[in-house]
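Could you build the full structure based on these sequences and the hints that come with them?
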Amino acid sequence: MSTVTTPTPAESGGLAPDPAVVARKGSGAKKLPIIFGVISALLAIVLLRSGHTGDTTFQLSAETDFVTLPDIVVPSMLTAWLMVLVCVALTAESVRRMLAHTPQPIWIPIAFALAWMTGFLSWAAADERIRVVSLFAGAVALAIPLIFGALGGVLGERAGVVNIAIDGQLLFGAFAAAIAASTTGSPWAGLVAAAVAGALVALVLGLFAITYLVDQVIVGVVLNVLVIGLTNFLFRQVLTPNAQTLNAPEGFNRLPIPILGEIPLVGPIFFRQTALVYVLYAVVALVAFGLYRTRWGLRVRAVGEHPKAADTVGIKVNLTRYRTILLAGAIAGMGGAYYTLVSVNQFNRELTSGAGYIALAAVIFGKWDPIRATLAALLFGFATNLGGVLSAIGSPVPTQFMLMLPYLVTIFAVAGLVGRSRPPAAVGIPYQQQ
Amino acid sequence: MSDTDKPQPDDKPDAATEAPRTPEVDATEDASAAADPDARSRSLLREIASGDALAGVLAVFLAVFVGSVMIAATNEGVRETATYITARPSDFFNALWEAISGAYSAMFRGAIFNYNLTEPAQQWRPLTETLKFAGPLIAGGLGVGIAFRAGMFNIGGRGQMLMAGGAAGWVGFELDLPTIIHLPLAILVGMVVGALWGGIAGLLKARTGAHEVIVTIMLNYVAYYLLFYALSRQFLLQAPGSANPKSLPMKETAILPKVLGDQFNLHLGFVLALVAVAFAWWLLSRSTLGYRIRAVGENPHAARASGINVGKTYTIVMLIAGSLLGLAGVNQVLGTVTSGVSLDLDASIGFDAITVALLGRSRPFGILAAGLLFGALKAGGFTMQTSENISVDLVLVVQSLIVLFLAAPPLVRAIFRLPAQEAK
Amino acid sequence: MRLVLRGITKRFGSVVANESISLTVEPGEIHCLLGENGAGKSTLMNVLYGLYKADEGEIELDGEVQHFTGPGDAMAAGIGMVHQHFMLIPVFTVAENVMLGNESTGFAGTLDLDASRERVTEISERFGFHVDPDALVEDLPVGVQQRVEIIKALSRDAELLVFDEPTAVLTPQETDELMEIMRQLKEAGKAIVFITHKLREVRAVADRITVIRLGKVVGEADPKASNVELASMMVGRPVELVVHKDAPTLGADALVVKDLRVVDLAGHKQVDGLSFTIRAGEVLAVAGVQGNGQTELTEALLGLQDDVSGSIVLDGIELVGRSTRKILDSGVGFIPEDRQVDGLVPQFTIAENLMLNRSFKSPFVKSGNLRIGALREFAEVKLKEYDVRARDIDSLAGNLSGGNQQKVVVARELSRDLRLLVAAQPTRGVDVGSIEFIHKQIVATRDSGIPVLVVSTELDEVVALADRIMVLYRGQVVGIVPADTPRETLGLMMTGERPKDLKDVVA
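Those protein sequence lines, which keep their order, are chains Z, A and R.
In terms of the UniProt record's numbering, the numbers along the first sequence are unbroken and rise by one, the last being 434.
In terms of the UniProt record's numbering, the numbers along the second sequence are unbroken and rise by one, the last being 424.
In terms of the UniProt record's numbering, the numbers along the third sequence are unbroken and rise by one, the last being 507.
Careful, some of the hints might be misleading.
[As the list claims (entries may be wrong)] As a list, the in silico DSSO-like pairs of lysine-lysine whose alpha-carbon atoms are at most 30 Å apart:
id, chain 1, residue 1, chain 2, residue 2
1, R, Lys326, R, Lys440
2, R, Lys500, R, Lys269
3, Z, Lys31, A, Lys312
4, R, Lys366, R, Lys326
5, R, Lys186, R, Lys216
6, R, Lys53, Z, Lys308
7, R, Lys326, A, Lys312
8, R, Lys361, R, Lys198
9, R, Lys440, R, Lys384
10, R, Lys186, Z, Lys308
11, Z, Lys31, R, Lys269
12, A, Lys312, R, Lys366
13, R, Lys384, Z, Lys316
14, A, Lys312, R, Lys361
15, R, Lys198, Z, Lys308
16, R, Lys384, R, Lys361
17, Z, Lys367, A, Lys312
18, A, Lys258, A, Lys246
19, Z, Lys308, R, Lys216
20, R, Lys198, A, Lys312
[Unchecked claim] To spell it out: a stretch of chain R is covered by chain A in this simulated footprint if at least three of its residues, at any positions, have a beta carbon under 8 Å from a beta carbon of chain A; those stretches are:
id, segment
21, 153-162
22, 269-280
23, 472-484
Please keep in mind that the hints were generated in silico from the structure rather than gathered at the bench.
Think of the CB as a built atom: it goes at the ideal place given N, C-alpha and C, for glycine as much as any other residue.
Take a look at the structure:
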């Protein structure tokens with residue numbers, strides 16, 4: 001009697017819901033009003049249970065800005081309740097649309113999120129000052145590695161290769177960037193090294209997952225452990241004794257863009273960042289454009305959806321997969337450079353602390369779409385930053401719950417409670433040609 | 001989901017024309033069968049499962065070899081002598097030998113038998129350390145392995161251990177009970193909480209089809225932050241008057257007793273892990289539940305058509321898996337580190353358990369052996385770090401390389417230029 | 001384009017799928033490759049298309065020997081293929097599917113979708129296909145998807161078109177339309193290879209027929225040859241399509257189905273108001289083109305469908321709403337249509353597979369433990385009784401041939417105390433010897449007084465086994481007729497048409 005150690009690829013490889021047990025669910029449109037209702041009620045309950053008095057200040061500009069916007073001071077509770085009303089109104093509108101069977105336009109959830117967040121913040125920061133710009137700019141900064149990682153994840157999975165090894169790619173990228181930038185003195189050399197390191201991890205992933213048909217989830221998980229072990233080992237044996245020469249990287253400095261950076265609100269958030277962020281903008285645009293508008297993208301998607309069909313029209317499936325995951329690995333690796341060239345300026349043991357898994361969450365929550373995944377990563381970055389900001393002003397909301405948010409949201413997403421995610425059909429399934 | 005449930009053009013090989021079958025018994029029927037790529041990859045996976053012993057040995061050998069290269073490359077003496085290797089090659093090879101043999105003999109001294117000591121009890125002490133480290137690895141490996149057998153990939157070991165450790169720890173430091181009740185209760189609470197945490201992933205898969213890989217990964221972090229929260233609130237787990245995320249130490253009545261006397265650290269946790277191995281063997285080989293678990297793992301469609309409730313089986317399996325990882329968490333909190341619940345109580349065992357299960361091929365006795373091996377690597381690794389100044393993280397590298405090489409026998413054969421295995 | 005295959009041999013391990021096959025296809029001709037399932041037709045075409053590499057032999061196009069390393073080369077040489085399982089990407093539009101691999105691009109590799117749209121429209125108009133280039137393929141009916149496949153081949157200027165079992169998934173009308181398209185393509189000077197095992201279609205369009213059996217060319221046949229002649233060439237000996245059975249001894253109404261409706265996960269009504277009765281000791285055979293609700297009907301009977309309304313009463317017990325396990329326990333035997341998916345666990349041994357639907361109670365279970373001894377004893381007996389050709393009871397089910405696998409399923413189901421047998425496609429992909437054996441078992445079951453529901457897309461099988469025939473079309477009953485109803489009438493009914501003078505039989 002033989003048994004199989006690992007789940008068979010058809011069942012486990014793809015991250016699609018298991019058709020053998022799938023239960024039927026209501027349509028997505030019905031869930032939106034329910035979710036809105038629940039979240040609105042949540043805010044109302046919080047307001048009822050612990051009211052604050054006083055005013056909340058929303059600071060929109062720093063004093064050094066070219067154009068300064070005045071601070072907005074609002075009465076905390078009144079504003080919060082007002083926003084609850086707005087949320088209720090939006091919920092009602094979405095119920096009306098559900099009953100009338102009209103589609104729910106995208107502005108409804110956006111407006112809802114804004115109103116809810118404003119209400120929440122004005123309650124949470126009563127008698128305090130919310131620096132709106134730094135709140136968002138910080139979110140963008142925190143989201144950088146997540147976005148790079150998520151783009152790497154999206155690319156790989158669109159080509160049919162599950163990439164659980166995003167974290168390993170980030171970590172190895174960070175490690176390589178630290179060494180390269182330290183020895184050359186140039187952050188750009190560090191960035192290139194990070195990309196190469198990420199691609200290297202991807203190459204190993206490809207070797208096992210594509211050539212040797214090993215379960216992709218297994219390879220990904222084991223690769224993450226391998227990279228942790230490798231970087232920890234080298235950190236202790238090589239980097240620590242030679243910290244001055246090998247682990248003192250020249251980082252990227254803040255590089256405000258002349259005119260764009262002066263736009264009120266938007267400028268300080270998006271255009272007074274480091275060069276790495278501007279590289280990121282370009283990468284997001286290129287990936288999104290490439291995936292949907294070019295021959296390359298069409299073929300990548302074909303290979304991830306129905307590799308055999310791609311094969312029958314002469315596309316080299318496994319070559320395409322290799323090339324795509326190498327690119328994906330390079331992109332994810334660049335995300336690692338954020339840690340050693342922007343935020344910490346030094347390599348440390350396991351310094352990504354599992355960011356690759358949040359990136360994976362963003363891939364899924366972003367429905368395998370580069371733009372949506374980017375937005376999801378931004379949202380997760382925002383949640384993380386908000387946690388920090390709130391704990392700094394001594395808000396009653398525990399930081400840990402803010403930090404938990406990305407993971408919870410992803411669980412809800414894969415369970416079909418928030419929208420419905422449909423992965424590429426052939427993701428995780430190796431392709432073997434005769 | 002409706003769109004995944006529709007028969008896709010390719011997901012069911014048409015039984016009439018492309019039935020995948022091997023030519024063992026009846027070779028006259030459709031031969032294009034052998035070409036079905038899915039069948040190929042399945043048989044490859046089976047190869048991993050049933051795999052040849054040689055490839056296994058070679059995989060370990062390769063991993064150790066890579067580890068040796070890493071030791072040599074980062075060794076001062078080796079690097080120094082390498083600069084004048086052409087002038088005095090013997091220096092280089094001496095340094096090489098010293099570095100590598102030093103590392104592995106330290107490992108041996110740390111994991112099995114310390115020949116530098118004279119008193120027998122002290123000499124054999126390392127072996128008991130190995131067993132101590134192996135305990136949670138075995139329990140956790142079983143938790144991952146049993147889930148594998150149902151076709152589920154439980155990456156949530158960390159979360160299940162954290163939740164279980166937190167709960168068992170609370171019982172351990174908070175309640176005042178006689179040992180006879182306190183210890184079993186703490187163990188039980190830990191296992192139940194671990195089971196429930198694991199069960200979430202099973203239930204979600206059963207009810208909504210949510211993939212357990214994603215759910216368990218995410219639940220790891222949710223558990224981490226939940227425990228973090230509890231450890232930063234004094235009314236929950238945090239020790240009074242402390243600002244650190246750490247609880248009070250366990251009460252004597254809740255600590256797993258030392259099985260070989262107080263001079264050895266080996267505690268009852270290892271015995272519990274052995275009991276778990278026996279249980280897992282019975283479950284998978286002798287029980288009807290195990291039969292159904294295996295049926296679901298191999299072919300959920302056929303299982304469903306035969307009246308087996310696939311979703312319920314997934315849930316039960318994840319409950320069992322969670323309880324076993326819970327046992328690993330309990331093992332840590334009540335046995336190995338009794339000074340209080342902390343955020344790193346899982347000591348990366350949740351992930352190590354995956355490699356243990358893979359190396360043990362998801363079979364109880366295989367997991368026992370793999371757990372002992374990795375326990376030895378861990379115990380030896382610490383000695384290697386203290387006496388030879390080689391980072392214990394080397395163990396992590398070797399461990400993951402073993403699993404990688406083991407998963408791809410064709411690669412190992414290619415490296416050693418062995419002939420490819422012929423279809424039997 | 002003139003195609004010559006010379007001495008093509010293709011082996012998979014020790015299995016010879018194609019043995020020295022030679023064949024010539026002229027332009028402007030429809031050349032039929034006729035053969036049983038598994039005869040090696042698809043393998044041959046995959047060799048031609050560059051998907052497999054031949055071990056011996058050569059492919060010649062217009063006098064030039066070709067060396068294909070992949071489908072890309074075959075396409076470039078002018079070969080187009082309409083695959084049995086469509087090679088289309090469901091989430092792409094028609095235009096995207098057509099251009100894939102052959103994209104026209106602008107600056108920096110940007111896709112020129114307009115060019116592809118034009119191409120689709122042009123070809124579509126030339127042959128009257130009516131295909132919208134911007135439709136998502138997954139939203140199109142099967143027949144239209146097939147036309148997209150044809151457009152895909154034509155857009156690459158294919159001169160030789162291979163149709164691999166193209167009618168398996170088509171309704172009779174769609175089949176007729178396809179035949180018309182093939183004739184049109186022939187008129188346009190294309191060479192066509194038409195792979196099928198359906199005699200009626202061969203005789204409708206073929207200019208030449210090559211019969212393949214067990215990987216070898218058996219010979220050429222005249223398109224005017226009779227069905228019996230063609231069939232005997234295909235199978236190798238005169239086929240016996242008749243199953244010997246006595247007149248049924250009918251008992252009371254055993255299975256009463258009333259107004260059964262099944263809605264699938266996508267919300268489509270797959271079974272729409274079915275009502276029928278089967279008496280004890282009777283075989284009711286369900287005829288119809290694949291995909292007209294048969295699968296959903298059998299699954300609903302077994303409790304495998306979620307959204308079922310109406311009633312299914314077996315010996316006075318309502319089955320709708322019961323779990324599969326309870327339905328099985330109440331004595332329903334089930335031979336699923338796809339044994340690989342629903343019938344067997346390939347990695348289990350024969351013995352283990354024999355207890356698959358009895359894992360809760362005796363005889364193989366005692367208080368949560370397996371009774372391995374009892375199971376092995378049982379398996380030894382059944383292995384002999386059902387003539388399963390395997391090394392022993394510990395052989396893995398996945399290593400058996402299709403016929404032997406099916407015998408394991410049949411053995412398992414018929415070894416229980418049955419009150420109803422549901423057999424879906426009981427002999428699909430099964431060798432001729434096993435077919436006879438399985439048919440005999442089904443008849444024996446009926447003779448022992450058990451009601452039997454047989455579902456088959458092979459009309460021959462339906463006619464051979466049935467006491468009465470129920471024809472399904474789009475989830476509805478077209479009529480329930482006697483077993484001796486003329487085949488033409490049945491064929492017509494399968495298209496959804498109901499002959500005016502037809503009288504339903506009431507049992």
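Here is what the structure says about each hint:
1. Lys326(R) - Lys440(R): 28 Å, holds
2. Lys500(R) - Lys269(R): Holds, at about 27 Å.
3. Lys31(Z) - Lys312(A): 25 Å, holds
4. Lys366(R) - Lys326(R): 19 Å, holds
5. Lys186(R) - Lys216(R): With a Cα-Cα distance of about 27 Å, the restraint between lysine 186(R) and lysine 216(R) holds, given a limit of 30 Å.
6. Lys53(R) - Lys308(Z): Within the cut-off at roughly 16 Å; holds.
7. Lys326(R) - Lys312(A): Roughly 15 Å separates the two Cα atoms, so the pair holds.
8. Lys361(R) - Lys198(R): It is violated: about 45 Å lies between the C-alpha atoms, which goes past 30 Å.
9. Lys440(R) - Lys384(R): 16 Å, holds
10. Lys186(R) - Lys308(Z): Measuring from Cα to Cα gives roughly 28 Å; hence the hint holds.
11. Lys31(Z) - Lys269(R): Holds: lysine 31(Z) and lysine 269(R) sit about 24 Å apart, inside 30 Å.
12. Lys312(A) - Lys366(R): Holds: lysine 312(A) and lysine 366(R) sit about 21 Å apart, inside 30 Å.
13. Lys384(R) - Lys316(Z): Judged against 30 Å, a Cα distance of about 49 Å means the pair is violated.
14. Lys312(A) - Lys361(R): 18 Å, holds
15. Lys198(R) - Lys308(Z): Roughly 26 Å between the alpha carbons, so the hint for lysine 198(R) and lysine 308(Z) holds.
16. Lys384(R) - Lys361(R): 24 Å, holds
17. Lys367(Z) - Lys312(A): Between lysine 367(Z) and lysine 312(A) the Cα gap is close to 28 Å, so the pair holds against 30 Å.
18. Lys258(A) - Lys246(A): 24 Å, holds
19. Lys308(Z) - Lys216(R): Distance ~27 Å between lysine 308(Z) and lysine 216(R) Cα, so the pair holds.
20. Lys198(R) - Lys312(A): 44 Å, violated
21. 153-162: Result for this restraint: violated, n = 0.
22. 269-280: With 0 residues closer than 8 Å to chain A, the segment 269-280 of chain R misses the three-residue bar; violated.
23. 472-484: violated (count 0)
Consistency with the previously given hints fails for numbers 8, 13, 20, 21, 22 and 23, ordered from lowest to highest.
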